[in-house]
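Combine the two chains into a complex, taking the hints into account.
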Amino acid sequence: MRDLQLSLNQTQRVRLEAALHELQTVAPAAAVTVADTIPVNDEDNILKGHGTSDQDGEVVATLCGVVERVNKLVYVRTLRARYKPEVGDIIVGRVIEIAPKRWRLEINFSQDAVLMLSSMNLPDGIQRRRTAVDELNMRTIFEENDVICAEVRGFQHDGSLHLQARSQKYGKLERGQLLVVPAYLVKRRKQHFHHLEQYDVDLILGCNGFIWVGEHVVVGENANMMENKLNLSAEVENFTPLETRKHICRLANAVRVLSALGFTLTVELIIETAEASVSSNIEINNMLGAEFYVQTAEREVKRRADLLRKKSGAR
Amino acid sequence: MEYVNPLTGFRVDGRRPNEMRQLKGEVGVVARADGSALFEMGNTRVIAAVYGPREVQNKGQQVNSKDALVRCEYRMADFSTGDRRRKPKGDRRSTEISLVIRQTMEASILTHLMPRSQIDIFVQVLQADGGTRAACINAATLALADAGIPMRDIVTSCSAGYLCSTPLLDLNYIEDSAGGPDVTVGFLTKMDKVTLLQMDAKLPMDTFETVMDLAIEGCKAIANYIREVLLENTRRLECQRG
Chain L
1 MRDLQLSLNQ
11 TQRVRLEAAL
21 HELQTVAPAA
31 AVTVADTIPV
41 NDEDNILKGH
51 GTSDQDGEVV
61 ATLCGVVERV
71 NKLVYVRTLR
81 ARYKPEVGDI
91 IVGRVIEIAP
101 KRWRLEINFS
111 QDAVLMLSSM
121 NLPDGIQRRR
131 TAVDELNMRT
141 IFEENDVICA
151 EVRGFQHDGS
161 LHLQARSQKY
171 GKLERGQLLV
181 VPAYLVKRRK
191 QHFHHLEQYD
201 VDLILGCNGF
211 IWVGEHVVVG
221 ENANMMENKL
231 NLSAEVENFT
241 PLETRKHICR
251 LANAVRVLSA
261 LGFTLTVELI
271 IETAEASVSS
281 NIEINNMLGA
291 EFYVQTAERE
301 VKRRADLLRK
311 KSGAR
Chain F
1 MEYVNPLTGF
11 RVDGRRPNEM
21 RQLKGEVGVV
31 ARADGSALFE
41 MGNTRVIAAV
51 YGPREVQNKG
61 QQVNSKDALV
71 RCEYRMADFS
81 TGDRRRKPKG
91 DRRSTEISLV
101 IRQTMEASIL
111 THLMPRSQID
121 IFVQVLQADG
131 GTRAACINAA
141 TLALADAGIP
151 MRDIVTSCSA
161 GYLCSTPLLD
171 LNYIEDSAGG
181 PDVTVGFLTK
191 MDKVTLLQMD
201 AKLPMDTFET
211 VMDLAIEGCK
221 AIANYIREVL
231 LENTRRLECQ
241 RG
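Note that the protein sequences, when read in sequence, are chains L and F.
Just so it is clear: in the first sequence, position 46 is 46 by UniProt numbering, and no numbers are missing.
Just so it is clear: in the second sequence, position 114 is 114 by UniProt numbering, and no numbers are missing.
Calculated from the structure, these hints are not laboratory results.
Among the clues, some could well be false.
[Said to hold, decoys possible] Among chain F residues calculated to face chain L with C-beta under 7 Å, some are:
hint, residue
1, Val30
2, Arg71
3, Met114
4, Ser117
5, Gly148
6, Asp153
7, Arg227
8, Arg235
9, Leu237
10, Gln240
11, Gly242
[Claimed, not checked] With a straight-line cut-off of 27 Å between C-alpha atoms, the simulated DSS-like cross-links for lysine-lysine are:
hint, chain 1, residue 1, chain 2, residue 2
12, L, Lys169, L, Lys84
13, L, Lys311, L, Lys190
14, L, Lys172, L, Lys84
15, L, Lys72, L, Lys169
16, L, Lys246, L, Lys169
17, F, Lys220, F, Lys193
18, L, Lys84, F, Lys220
19, L, Lys48, F, Lys190
20, F, Lys190, L, Lys72
21, L, Lys311, L, Lys187
22, L, Lys48, L, Lys101
23, F, Lys190, F, Lys220
24, L, Lys48, F, Lys66
25, L, Lys172, L, Lys187
26, L, Lys187, L, Lys101
27, F, Lys202, L, Lys101
28, F, Lys193, L, Lys48
29, L, Lys169, L, Lys187
Note that the Cβ used here is the ideal one computed from N, Cα and C, for glycine as well.
If we strip away everything but chain F, and leave its shape as in the complex, we get (with noise of 0.2 Å):
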């Protein structure tokens, strides 16, 4: 199959390498959490819920006294993709995916602020077509902010990867399933620092550089988009509250 068409540079969906799928972010959208955010990636679509900073639920979790709990948890719906498949609730890969979005967003957020306190983050794919850990991130990071916790940085991710030669940015489903290379990266954008990297399948050294820039990219033109949603509802929180 034709990944990237050789004449005309573009990819199956009509995107060029380096073009990112459409971007749709949400704050709000749960009424009874303290933050709560939709966020799209293309036809991925995900939602994010954080309850908190508030009092520790089990003590014995508690590691230490002077810094918030940061938990996660990550699920898709069994709508969420093409096959339907009741996946246990504490399966291998939701596992996975919550232990990275929760020690991806405990590098950001400024846990000495909150002591003896838990800080609750569930995210839930309600639709998938490649790319969703970089969603979930994303929309973790709309909601912390929405919930007005402390953070260092917005906390973007993107993912990349490798085919027919060519670096492709933002892959979706069929991209994803071809098997290639797969790169998510999880980044600072105004600190300059990559808080999360990830690859399955072979890539050459110099080429993963390329493609590891290449989903750079990709978080600062999403740290861009993150930014003017937030700004947008602070004006008009504000304006509203008079």
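Extracted from the complex, chain L is given alone in its bound form (with noise of 0.2 Å):
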């Protein structure tokens, strides 16, 4: 268990490790690990994808992971690795570095993202070309170790990956807790961007692993408060009210239980858990102990049981 530095007394151990073998019980797909041999009709053209690759005719993994065939494609989708982008991701990234015309963001990715001057709404949501003060002023829009949610754009010819952030609901986050998991926790989806009403929090999951939970902010809110900024004190403007902050921080510590046990990320089972947690009376440290991380891994257990009758129930 790679997180779980827990203190586990024996009934606590127990119980996890029964819950956990309960799931492995369910039919383990087509595993590889580096150097298998991948067995594959020879009569069809297959195509080698992603973690494969071909050693005297014969289909060999290159990685640790799962087979997938999709028509003719055969792939291994690896689980724990670094992300790989695709055109359109979600991402969440940190500033790291300002260089002329662009920022370069860390995004868990083998390289660092490049956000070009160009590709993001200036804050005062004026479309127009951006000039040498605009390239002076960029320290003022993001400086080093702001979290930014963006896009991903592409390749450039150059091999660096770009992003953009060319709508109101992209740039700074502000207000709230980043939290780092493996990638492969979080599913590509239609909804990456969750305003959590019942919390007045904003959850956004970045396809390449890292979360960010904070303040709710509404959107178009900026060009009133460009002109509300010289009246609010610094203090009134970083202030979040005491409940928002449990909020946020209880569904943190439900992200880092979930990923700690291995868990995909959603938001149901991140809001569930967050609800599990306030049923049981459970203070928001001890979300991270030991009995909190059992019932979390027994309730998972019975949730997927309980999927598994439903679909073996509509059959």
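In structure tokens:
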């Protein structure tokens, strides 16, 4: 168990192992390891995809993962690996450097991603050409260690990865927590921005495994905020109500528990875990204790068993 | 000293000449690393951590932009040996073993798939009882596979020696200190290729072939074990992911 540095007592260890063993009984997929031969029908014209290579006419895996077949394409879906960008992915990144006309972001990829000054909306919302004054003021927009939400634009001819932030929903993220989980735990969905109204919290599940849990921000408020910026003091501007802060911490701890146990992160599961901690009267800090880990594992086993039963019943 | 009992054929620790020490591999032992592994061969215990592929930190070291840059750092903990000697970080033996591990892993990593990036391998010996560099290579292989770095084959390494007119597999510290020849082989099992071959002390040519074949057999056994560890870990992750 990777991040589980828990001090489980004997009862909790037995319960946790029983729960995880229950998950193993589900039919394991076609797992392969490095240098395993993947059986294919030689008569077909098989396309070798990601994670495979050709050795003496046979398809050999170059990664540890699960074999997937889509028509004639055979590829290995890797588990623990760095993020592989795809055009249109919504990602969360952290600024590490400001270079001429661009910011460099760390997004859990093999290279730093690049966000050009021309690829993002200016804070005042005006659509115009960027000038030298804008270049000089880049640090006022994003500075080092800021957390930014953006969209993958694609690879440029020099091989670098470019991002864009052309909508009001992208940009700087403030007043919240950034969590880093393995990228394989976040599935690609239509919706990666979630506004949890009951908590007044924004949840962004970045495809690269960076997850943002922060106070809700009304889109389009930036234009008015510029006018009011002079009137508000810094303290008032950064204030977050205590209740909202508790919600943010509880949701963040729910993400931590689920990722430590290796469960796929969906917004429904995160909310369910957070509400389970509320209904069990568990303090926010005790969500990272051994007992809640075991409870979460047991609840997930039951949920998947119910899901399996529904499928069997429907058949 | 009798390293191989002439009557029973057993070695000082109770093994037969072609028997390997107990192997134990564990992946995911360092939480913050992209890949990590703990590997034990008998009393030799090694921990490896892999970071990357990530952005090249020192652009000057980037020889070309078509391949990933592989760097390796090997260290022995001060408490890993019976004698506590504080060695400087860049001592000659560490530098040599770092280079050996890097070259061995570079032969297997598909560097052309990760251009303009850097892969850092950190290997630390926690307990040394002979065969440390072989254990380091095995630990590094496990860590690289755990990090999801594409590789041609599983690189494994094993040492063999020749004492009392008998080829011995997987020397321990006592046998290593006997002054006999010590052959270390790095091997790609599926491709049937040797990526590392080191030897100290003298050995006749025909005996060398026998000792090397024995070491290769050891590499194949280690590869089977490593494959089992990785497969079990992959299945577990997939089942828990759901």
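Here's how the hints hold up against the structure:
no.: 1; hint: Val30; in the structure: violated (9 Å)
no.: 2; hint: Arg71; in the structure: violated (14 Å)
no.: 3; hint: Met114; in the structure: holds (5 Å)
no.: 4; hint: Ser117; in the structure: holds (4 Å)
no.: 5; hint: Gly148; in the structure: holds (3 Å)
no.: 6; hint: Asp153; in the structure: holds (5 Å)
no.: 7; hint: Arg227; in the structure: holds (5 Å)
no.: 8; hint: Arg235; in the structure: holds (5 Å)
no.: 9; hint: Leu237; in the structure: holds (5 Å)
no.: 10; hint: Gln240; in the structure: holds (4 Å)
no.: 11; hint: Gly242; in the structure: holds (5 Å)
no.: 12; hint: L:Lys169 - L:Lys84; in the structure: holds (23 Å)
no.: 13; hint: L:Lys311 - L:Lys190; in the structure: holds (24 Å)
no.: 14; hint: L:Lys172 - L:Lys84; in the structure: holds (23 Å)
no.: 15; hint: L:Lys72 - L:Lys169; in the structure: violated (38 Å)
no.: 16; hint: L:Lys246 - L:Lys169; in the structure: holds (24 Å)
no.: 17; hint: F:Lys220 - F:Lys193; in the structure: holds (11 Å)
no.: 18; hint: L:Lys84 - F:Lys220; in the structure: violated (33 Å)
no.: 19; hint: L:Lys48 - F:Lys190; in the structure: holds (19 Å)
no.: 20; hint: F:Lys190 - L:Lys72; in the structure: holds (25 Å)
no.: 21; hint: L:Lys311 - L:Lys187; in the structure: holds (21 Å)
no.: 22; hint: L:Lys48 - L:Lys101; in the structure: violated (39 Å)
no.: 23; hint: F:Lys190 - F:Lys220; in the structure: holds (9 Å)
no.: 24; hint: L:Lys48 - F:Lys66; in the structure: holds (22 Å)
no.: 25; hint: L:Lys172 - L:Lys187; in the structure: holds (23 Å)
no.: 26; hint: L:Lys187 - L:Lys101; in the structure: violated (33 Å)
no.: 27; hint: F:Lys202 - L:Lys101; in the structure: violated (63 Å)
no.: 28; hint: F:Lys193 - L:Lys48; in the structure: holds (24 Å)
no.: 29; hint: L:Lys169 - L:Lys187; in the structure: holds (20 Å)
Figure legend: structure checked against the earlier numbered hints; hints not met, in rising order: 1, 2, 15, 18, 22, 26, 27.
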